[in-house]
Amino acid sequence: MTQEKMRINRRQFVVGAATTGLGLSIGFAIPAASQQAFGDNKKGPLTPEVNAWVVIDADETVTIRIARSEMGQGTLTGLAQLVAEELECNWDNVSWEYPTPGENLRRDRVWQSFGTGGSRGIRGSHQYVREGGAMAREMLIAAAAQQWKVDAADCVAANSIITHKPSGKTTSFGKVAGLAGTLVPPAEVTLKDPKDWKVVGKPKKRLDTLEKLTGKQVYGADMMLPGMLNASIKKCPVHGGKLISFDAEAVLSMPGVKSVVAVGDNAVAVVASTWWRANKALDALPISWDKGENVNVSSASIDEFLQEGLTADNTFVGNKVGDVSAGLKNAAKTYTADYSYPYQNHAPMEPMNATAVWTKDRCEVWCPTQNGESALAAAISASELPAENCDVHKLSLGGGFGRRGAADFVTQAVLIAKTLPGTPVKLLWTREEDMLQGMFHPVTKARMTAGLDDDGNLDALHMRISGQSILATLMPQAIENNDGMDPVVFQAMAPEGDHAISYTVPDLLVDHAMRNTHITPGFWRGVNVNQNAIYMECFMDEVAHETGQDALAFRQKAMTQHPLALAVLNKAASMAGWGKPAEEGRHLGLAVCKAFGSYVAACAEVSVDDGELTIHRIFAATDPGYAVNPQQIEAQVSGSFVYGLSAMLYGECTVKDGEIEQQNFHQYPSLKMAKMPHVETAVMPSGGFWGGVGEPTIAVAAPAVLNAIFAATGKRIRHLPLKDQSLA
Amino acid sequence: MAKLTVNGEIIDVEVEVGTPLLWVIREQIGLTGTKYACGIAQCGACTVHIDGRAVRSCVYPASSVSADQKITTIEGLSDDGSHPVQQAWAELDTPQCGYCQPGMIMASAALLSSTPNPSDEDINTQITNICRCGTFQRVREGIHLAVEITNKSATKA
Chain A
1 MTQEKMRINR
11 RQFVVGAATT
21 GLGLSIGFAI
31 PAASQQAFGD
41 NKKGPLTPEV
51 NAWVVIDADE
61 TVTIRIARSE
71 MGQGTLTGLA
81 QLVAEELECN
91 WDNVSWEYPT
101 PGENLRRDRV
111 WQSFGTGGSR
121 GIRGSHQYVR
131 EGGAMAREML
141 IAAAAQQWKV
151 DAADCVAANS
161 IITHKPSGKT
171 TSFGKVAGLA
181 GTLVPPAEVT
191 LKDPKDWKVV
201 GKPKKRLDTL
211 EKLTGKQVYG
221 ADMMLPGMLN
231 ASIKKCPVHG
241 GKLISFDAEA
251 VLSMPGVKSV
261 VAVGDNAVAV
271 VASTWWRANK
281 ALDALPISWD
291 KGENVNVSSA
301 SIDEFLQEGL
311 TADNTFVGNK
321 VGDVSAGLKN
331 AAKTYTADYS
341 YPYQNHAPME
351 PMNATAVWTK
361 DRCEVWCPTQ
371 NGESALAAAI
381 SASELPAENC
391 DVHKLSLGGG
401 FGRRGAADFV
411 TQAVLIAKTL
421 PGTPVKLLWT
431 REEDMLQGMF
441 HPVTKARMTA
451 GLDDDGNLDA
461 LHMRISGQSI
471 LATLMPQAIE
481 NNDGMDPVVF
491 QAMAPEGDHA
501 ISYTVPDLLV
511 DHAMRNTHIT
521 PGFWRGVNVN
531 QNAIYMECFM
541 DEVAHETGQD
551 ALAFRQKAMT
561 QHPLALAVLN
571 KAASMAGWGK
581 PAEEGRHLGL
591 AVCKAFGSYV
601 AACAEVSVDD
611 GELTIHRIFA
621 ATDPGYAVNP
631 QQIEAQVSGS
641 FVYGLSAMLY
651 GECTVKDGEI
661 EQQNFHQYPS
671 LKMAKMPHVE
681 TAVMPSGGFW
691 GGVGEPTIAV
701 AAPAVLNAIF
711 AATGKRIRHL
721 PLKDQSLA
Chain B
1 MAKLTVNGEI
11 IDVEVEVGTP
21 LLWVIREQIG
31 LTGTKYACGI
41 AQCGACTVHI
51 DGRAVRSCVY
61 PASSVSADQK
71 ITTIEGLSDD
81 GSHPVQQAWA
91 ELDTPQCGYC
101 QPGMIMASAA
111 LLSSTPNPSD
121 EDINTQITNI
131 CRCGTFQRVR
141 EGIHLAVEIT
151 NKSATKA
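Those sequence lines, one after another, are chains A and B. According to full-length UniProt numbering, the residues represented by the first sequence are 1 to 728, in order. According to full-length UniProt numbering, the residues represented by the second sequence are 1 to 157, in order.
It should be emphasised that the hints constitute simulated quantities derived from the structure, not laboratory data. Hints are supplied without guarantee of correctness; some may be wrong.
In silico lysine to aspartate or glutamate, EDC-like type, Cα no more than 20 Å apart, as pairs [as the list claims (entries may be wrong)]:
| # | chain 1 | residue 1 | chain 2 | residue 2 |
| --- | --- | --- | --- | --- |
| 1 | A | 202 | B | 91 |
| 2 | B | 3 | B | 16 |
| 3 | A | 258 | B | 16 |
| 4 | A | 205 | B | 16 |
Can you build the whole structure from these sequences, using the hints too?
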């Protein structure tokens, strides 16, 4: 049996078992790919686990439980590497499965957080998952020692084999796993020294690639259950608006339509035999909305609202050093520029969806989610059932980028399923719904003011941010104790920590005039680092140019106290040949920042001919502290340029009559192959800390390219996106 | 009742006027490897082959496909994931979330059958699928690697 097959079978059972609990019979009626996901449930009871993280079958398959969600970022494989490293198992036999958030609840959160955001998958759980692997190893060794009646201290484990050193006797993990699971776990374990790592730090292949090549991978949108119905939904297109009424009679006779239901107080869904039929009927459904008080809001009115914040008196202070007013007053030269950043949608390839089945005493949900626990909380709340009667089964995510940390689609699916007790219903959003009902990368503006001394040193800097706070809308309780200040707004400009500013400025003020709109904001891959790095890194480039200084040397002078940030900047610059004669017509631009605990830099090489931009190459450097899987870090860095440059080139969601205007990829394009630069990545782990990888690089993509565009054209782009601006 | 030939099998389907091939493949035939992402032929996640030609099935009316035309979906590209494009993708760990990859793979396979040794420029003009994870660098490398794999197996044969 191939590894692939075993892996699928194991997950088949988990899903199958959960479903059987509802009294659904699984098997014959499930077509094709979904069959792979449910299986025939013949495997029998679950193999007893060694501990919460590790299950080992008699055939030596090692199944590692992964609590965080895999959405492309490779965290699944990285976390498995961390467990496997300490476990000392044979990597070739490693498989994986998701425990459910319901199991986590029942077991006192033995797997801790399921949250997969903020590039925290590995950096937030490396300690306890490694301990889980180490404990399982000790229990396996203890089991072998007990069977042999020898001292466990005389036994070692490697490659799934336990050896009794004095006698040379050996046994395998699979032979002692059953006994090991009955033993008391060790009170404490010692983790390996990173220099002894054999699996971590190596460019291992992903564990989840093969299903993605054959169409067998089951995403949320692919979910099928026997007797399942399909739903398509429309929520009030103006955020905060309500549903008044709809004319169900107008569509009930359309093919396959089963029902038309109000979903909460702001949405309506059509349920039909197939999704295509449901959506066709939804399109034909007369709906009346109360669009509420924001129906006259437009991009222009939002812009005006934020503009006022650039000079407002009442602000939150995110970083303050010295006295910026005095610093600017005493400066030999000052320089000011305003920047702005638009709303953007996450636009993951797979639109939001969830499948739910509800009975009066049970609710189960299958969905792609970045946070199984918040999805479960939504299911519990919407189902109005006790927590122990609900569970969520995570399915593969067709992208997340922060959007799937929310559970609005889970709530909707459960509310719809409640109207059809016992019948599974899959809710799938259209792309258009996904665009309109996004949780948008918030709008901000910034006024940057620098003061320089006679030698051109950056002595004073005031960064005034005006714009939306994500936390104020999504998690107001999180900022209550902070007098309403949202620290996320200051990412990459903070005094210290995971998002510390990369420069030392004697007189510094970074403050925020909070200007919230009715457009729902959200955590968008990279979050506020993206805006702030553009403001800061483009402005640094401006100041260097205005004072006749080299953009690298100018930064270096202010980075002596930031050696790790300086190291990645220098690396990216040297890879690109900064300071050396460039190829005819090619120009370079730099950017650096610290984000999500990692240090990242980029140097972009572009040319602009007759206003036509070509991004030829990007040289990127990343120091995540420990690099768990270097080849996956390279993939994340390369992909981050696609996400970041899509945003820079095209990413803009505008507001008219209170509604988001862009409805699909023709109005909200994404970078494609023809525009893809060649990305060269240096992964340079300096050790001693654990930084994130999925997000930081996005923030340096746009400023590096914008600075290179300036070098090529003399044009400063201070307002994104680039698509409607001339470079000629 | 209409007949479609999908992955070598002749299948009876109910096709209402205007139903795109994508939804017949996914919801009636149950082959969910072909993805819905935009519904307006912008992204290519729904790419299948009709007589070897890449088609965006989300806007292609099922009623316009006749039974003698051969539809191939990602599930039918090879029996066991051994198409050179699939092999190359596995070798390079190309997919990230993977949702766009069936379409990306079908588009790449169609490119290679019409242009056996595509230049980077051919790839730029022919591969117009959207991938929000941003796998393009490995997709490009993968297409070139698939050519090598094809040539190697031809030499062996």
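Hints and how they fare:
Restraint check for residue 202 of chain A and residue 91 of chain B: satisfied, since their Cα atoms lie roughly 16 Å apart, inside the 20 Å limit. Distance hint between residue 3 of chain B and residue 16 of chain B is fulfilled; the C-alpha atoms sit about 13 Å from each other, no more than 20 Å. Taking the CA atoms of residue 258 of chain A and residue 16 of chain B, the gap is near 17 Å; set against the 20 Å cutoff, the hint holds. Restraint check for residue 205 of chain A and residue 16 of chain B: the C-alpha separation of about 44 Å exceeds 20 Å, so the hint is violated.
The earlier numbered hint that this structure contradicts is number 4, and it is the only one.
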